[in-house]
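Trainee: Quick mapping for you: the protein sequence lines, in order, are chains A and B.
If you want this note's numbering, it's the 1-based position in the first sequence plus 230.
Here this note's numbering is used: position 97 in the second sequence is 91, and no number is missing along the way.
Do not rely on the hints blindly, as some may be mistaken.
Below, simulated DSS-like cross-link-like pairs (lysine-lysine); rule was C-alpha separation at most 25 Å, straight line [claimed, not checked]:
| hint | chain 1 | residue 1 | chain 2 | residue 2 |
| --- | --- | --- | --- | --- |
| 1 | A | Lys300 | A | Lys314 |
| 2 | B | Lys86 | A | Lys370 |
| 3 | A | Lys349 | B | Lys94 |
Hints listed in this document are in silico derivations from the structure and should not be mistaken for laboratory results.
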Amino acid sequence: MSSNFKSVLFAIVLCIVCSLLLTMASSGLKGYQLRNINLDRQKNLLRSVGLIDDQRNNMPEYIEKLYSEKIKSLWVDPSGRIVKETERAQKDLPIYLFIEENVVEAYIVPIDAQGLWGKINGYLAINKDGSTITGFTVYKHAETPGLGGEIERSWFQKNFEGKKIVNKEGKFVSISIARGAVRDVIQKDLQLNFVDGISGATLTGKFLSASMKDILKEYEPVSVKFRHHMVKENAGNNSAAN
Amino acid sequence: MRRTETKILKVIFEPIWKNNPVMIQILGICSSLAVTVQLQTAIVMAIALTLVVAFSNLAVSVMRNVIPRNIRIIAELCIVATLVIIADELLKAFMYDISKQLSVFVGLIITNCIVMGRAESFALANPPLLSFLDGIGNGVGYGSVLIAVAFIRELLGSGKLLGFDVIPRAFYLSGYENMGFMLLAPAAFIIIGLLVWLQRTLINK
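Chain A with its partners taken away, still in its complex shape (with noise of 0.2 Å):
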């Protein structure tokens, strides 16, 4: 046997003894990492309105029963009326409630946004005033830690609070992340719409803010809605938002 056949064989057995066991890895372990990624996600959805916060080490139970009891998930299409899940179309919308006692607090957008290497997957928590932000999360992305991947950061995400997705009129202008600090660079009656750029990210930020605009105008007939109190009871039926 030639010695270049033998580490053919060699390399081809290798090859495959090593893509078992990956494969193995990789299926036996997807139950357990699917729900990881899903309780994340929940996880992070209630941090956007606040239900909690980062410090505590919070229960896999406690954020799923909070998560069932407090939020609601249903779609929309384009005007702004709900759909049935059943019926829904290409272009309709996914949108989250946060119920308290059966009144709508918050409403959740989700955010799949473009950002300078790949998607940046969070929610934009908007009060029911409809104009109002009360928190912003990311759960994914894939821009460089230290710089872009800062957006994962509290500090960065605290910024969110309280600002305002309409100009002082009431127009909508969507939320911008700004270059530097709010404070020294956007003029004080623009201050309401900017938050607080990162320091050597100056393109996530754009391309972040981009998508954020695109996203918020697609929803902007919900936010209407909204900001009318056209919302009144609890999403329990589908009138909620007629």
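Based on these hints, arrange chain B on the given structure of chain A.
Mentor: Frame of chain A; chain B shown alone:
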């Protein structure tokens, strides 16, 4: 019998102090800068690396007589990569928060010079048990440096250890401040440098 015993002890303990992979051979510096901001991530990283080195040494050593010499590096790499991916999958399944914090650095164990270095220079020439122990020794040697650096950085940088506050409130009230510099990568460089200095001084005594 005595001779094998002393050899085993030597294989385990030499890399922990006298021939430490980080401090003497200056290997694995990149990850020691990255994951030592907190003690918890450093400990998990130390355990993951120890397991990977130990088992890759074991696997390479078991196959040392069948691995064709001309493709041995690729074969070693293949074994190491498989083990690292399995470790990563395990972390994602059972320690999701920590695996998020470690992010790419678990995957980068593959490129950690310690793993390939031990496979190439030790496991290819020694029997399985000895190679396995050599892996443990090197992993612990690497891990102990990581933990020492993380201990200093977390204590001085955020006033915590393993996430618990350890600096009394009274300190802060009387003007003590956390050293923000410790949270940045250059701080780890300086600490490792000082540790190397300290260790060489102690060894040469």
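Trainee: None of the hints should be skipped; say for each whether it holds.
Mentor: Each hint, compared with the structure:
1. A:Lys300 / A:Lys314: The given pair, whose Cα atoms are some 20 Å apart, holds under the 25 Å limit.
2. B:Lys86 / A:Lys370: Roughly 14 Å between the alpha carbons, so the hint for Lys86 (chain B) and Lys370 (chain A) holds.
3. A:Lys349 / B:Lys94: holds (16 Å)
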